[in-house]
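Participant: The residues making up each chain are set out below.
Protein chains: 2
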Amino acid sequence: MSLTVVGTMAFDEIETPFGKSGKIIGGSATFIAWAASNFVSPINQVSVIGGDFPQSEIDALKAKGVAMDGVQVKKDEKTFYWSGKYHMDMNTRDSLVTDLNVLADFQPVIPENYQGSEFLILGNLTPQVQMSVLDQMKERPKLIVMDTMNFWMEVAMDDLLKVLKKVDVLMVNDGEARQLSGEYSLVKAARKILTMGPRFLIIKKGEHGALLFHENHVFFAPAMPLDDVYDPTGAGDTFAGGFIGYLAKTKDISFENMKTAIIVGSAMASFCVEKFGTERIRAVSKDEIHARINQFVQLVNFDIDLV
Amino acid sequence: MSLTVVGTMAFDEIETPFGKSGKIIGGSATFIAWAASNFVSPINQVSVIGGDFPQSEIDALKAKGVAMDGVQVKKDEKTFYWSGKYHMDMNTRDSLVTDLNVLADFQPVIPENYQGSEFLILGNLTPQVQMSVLDQMKERPKLIVMDTMNFWMEVAMDDLLKVLKKVDVLMVNDGEARQLSGEYSLVKAARKILTMGPRFLIIKKGEHGALLFHENHVFFAPAMPLDDVYDPTGAGDTFAGGFIGYLAKTKDISFENMKTAIIVGSAMASFCVEKFGTERIRAVSKDEIHARINQFVQLVNFDIDLV
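Protein chains in written order, with my numbering: chain G, 8 to 314; chain B, 8 to 314.
The hints are simulated quantities; they were obtained by calculation from the structure and are not laboratory data.
Where hints are given, some of them may not hold.
[To be verified] Beyond 10 Å from chain B on every Cβ pair, some chain G residues (computed):
hint	residue
1	Ser9
2	Phe113
3	Gln143
4	His215
5	Glu222
6	Pro239
7	Ile260
8	Glu286
9	Asn308
[Claimed, not checked] In silico SDA-like cross-links for lysine to any residue, where the CA-CA straight-line distance does not exceed 25 Å:
hint	chain 1	residue 1	chain 2	residue 2
10	B	Lys195	G	Tyr93
11	B	Lys212	G	Pro232
12	B	Lys92	G	Gly189
13	B	Lys92	G	Pro232
14	G	Lys85	G	Asp112
15	G	Lys69	G	Ile31
16	B	Lys212	G	Asn308
17	B	Lys149	B	Ile260
18	G	Lys149	G	Gln122
19	G	Lys282	B	Gly189
20	B	Lys195	G	Lys69
21	B	Lys212	G	Glu190
22	B	Lys199	G	His94
23	G	Lys212	B	Met95
24	G	Lys199	B	Pro232
[Claimed, not checked] If the Cβ cut is set under 10 Å, some of the chain B residues that face chain G in the computed set are:
hint	residue
25	Val80
26	Trp89
27	Gly189
28	Tyr191
29	Leu233
30	Ile269
31	Val271
32	Phe309
33	Ile311
In this text, a Cβ means the ideal position worked out from N, Cα and C, and glycines have one as well.
Please put together the full structure from these sequences, using the hints given.
Facilitator: Structure, rendered in structure tokens:
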């Protein structure tokens with residue numbers, strides 16, 4: 008069972024009401040891989056980095072079973088860099104600097120030894136890059152999960168709609184679901200998006216949890232109430248990594264199993280926000296993950312015995 | 008088993024993106040009584056109305072087992088009137104007119120036949136009025152639930168803190184929990200509020216569900232995802248009515264049973280928002296309530312079988 012992860016590997020520099028991170032490792036594919044590596048191996052990473060990306064970070068991911076054959080290293084260029092500042096509510100942020108660097112002309116190449124991967128997750132990237140990956144897969148993966156963002160809806164909607172037709176699960180946040188569908192009600196938005204290609208839709212609502220829609224079914228998973236959200240960066244990608252990692256581990260892509268996968272993703276995301284960047288999720292143990300998932304069971308479990 | 012409900016009975020006039028209500032019946036005690044009457048009887052209503060309040064509304068509540076002995080009728084005065092306008096997100100609203108009328112000098116009187124009531128809910132009113140009710144109860148009810156709002160934190164915090172010391176369950180929204188505690192994190196806010204008197208705290212988050220805190224335990228109930236929220240007015244009071252109605256019916260005030268009561272409250276609130284005012288909850292059937300509660304089970308239920 009293998010999982011292919013496509014996305015960014017980056018430098019982040021983050022300011023929150025709690026402090027400043029300095030220049031740390033980030034990127035969608037980084038968070039996805041760290042989260043998923045707790046459940047599945049090998050992970051086939053597809054990304055691009057510059058000569059300034061630390062070898063120690065690559066070694067650390069390799070040690071967790073993440074293959075780097077599909078990660079292009081452009082020795083003389085710089086890694087994608089993003090810096091941002093969060094407001095007090097931790098749900099809104101300003102981007103301060105976005106230097107695409109190596110990402111500007113990223114042409115992903117799927118190595119031969121990645122072919123036959125049964126699970127594929129397309130992290131947030133241009134729809135053209137996402138489509139290029141799909142075109143290179145000789146055999147359609149059993150499950151294709153896609154993330155995207157409002158920016159691509161504004162500048163590349165036609166391409167985005169083409170990719171949408173080819174994926175099984177779309178993950179967006181509530182604002183993006185509204186923008187993509189033109190519907191304010193998330194239920195109506197979901198109904199419309201489920202006609203655009205994906206059979207499953209996950210709407211992420213940050214601290215307000217996540218919704219999974221499929222046919223006429225809906226499932227809701229809360230976010231774990233925490234003393235403090237220290238840094239939300241990467242929480243959505245960590246959620247995605249836990250979600251697809253659990254599916255790849257259990258090899259069951261039914262709606263029922265996706266519910267559990269969403270709880271697993273929520274548990275992983277709840278670790279991510281406890282520290283800056285990948286600090287917490289790279290150190291989390293299996294016991295901690297199980298304990299956190301049990302907390303989710305306690306959080307939502309109730310007995311019903313109506314007379 | 009009887010339940011005493013203290014709160015307003017009012018005229019509301021509401022504008023939402025979906026339409027205008029005209030002058031309709033509202034008020035916290037009205038919504039609480041309609042919701043709770045599906046579970047418990049008698050309900051001992053304590054409120055004040057003017058001569059302009061329709062007899063048909065009083066008769067309708069009486070027919071549902073709501074006693075009116077504690078509702079003062081001031082023939083020559085006008086009923087409390089509120090009008091407001093909701094924004095597109097349905098979570099924010101502007102008050103257009105607030106005419107206190109009979110509410111301005113409301114002195115609640117608990118009739119002798121209300122004494123011995125085992126459940127008491129203090130709807131949102133001045134802390135002085137809430138305290139006056141508590142002072143009149145010859146025997147402390149088994150469970151006292153209290154609602155309040157940010158306005159009383161601003162103008163009557165000392166009185167509010169005194170009432171808080173005497174109640175078992177406090178219900179507030181997320182902004183009010185933050186204001187009352189001075190903590191941004193809802194987990195920290197809850198910890199602090201649970202030292203102020205109440206043993207249980209419910210934080211209502213509107214379309215984002217509700218949290219129940221008790222000692223070191225936390226429970227989360229989502230709001231039902233709906234095609235449209237037509238009118239949120241009274242949803243919090245309807246939630247409260249379903250909550251305390253279910254507790255009064257089952258006579259079980261354990262944390263475990265409160266979880267179920269919160270689901271029942273959420274189900275009742277999900278009906279409330281489907282139409283203007285009390286239109287939907289006064290017509291809801293037991294079968295519809297059961298079906299909606301089952302939808303909540305489906306919404307949050309998942310299997311966990313971690314290897």
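Participant: If you test the structure against every hint from before, which numbers come out violated?
Facilitator: Violated hints: 4, 9, 13, 20, 25, 26, 27; rest satisfied.
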